[in-house]
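A.B. asks: With these hints in hand, go ahead and build the complete structure from the sequences.
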Amino acid sequence: MTFEEILPELKKGKKIIREGWPGAELYVKMVGEEQRDGEKLNPYFLINVEGEGYTMFTPTVCDILADDWKIVE
1 MTFEEILPEL KKGKKIIREG WPGAELYVKM VGEEQRDGEK LNPYFLINVE GEGYTMFTPT
61 VCDILADDWK IVE
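Residue numbers (UniProt numbering): 1 to 73.
Be aware that one or more of the hints could be misleading.
Straight-line alpha carbon distances no greater than 25 Å define the calculated DSS-like cross-link-like pairs of lysine-lysine that follow [what the hints assert, rightly or not]:
hint : residue 1 : residue 2
1    : Lys70     : Lys15
2    : Lys14     : Lys29
3    : Lys40     : Lys12
4    : Lys14     : Lys40
FYI, nobody ran anything at the bench for these hints, they're computed from the structure. Quick caveat, the model's predicted, so the values are computed rather than measured.
C.D. replies: So, in structure tokens, the structure goes:
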């Protein structure tokens, strides 16, 4: 799937990954809008990496143009 095709699934709470990633990346997920210290926190992406936990994820141009995205859960 392309990033454009999979983005609606990500927004619904699905976990996604690129088939072309050879490493320890487990999945990307979206964290929805929430409140933090009384302020709005905008939605953001997290990536779960085996042995490291979560970190912020910003898709690269290559990620956005790739067509090897898939739903993992």
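A.B. asks: If a hint holds in the structure, say so; if it doesn't, say that too.
C.D. replies: Status of the hints after comparison with the structure:
no.	hint	in the structure
1	Lys70 - Lys15	9 Å, holds
2	Lys14 - Lys29	7 Å, holds
3	Lys40 - Lys12	20 Å, holds
4	Lys14 - Lys40	23 Å, holds
Taken one by one, the earlier hints all hold for this structure without exception.
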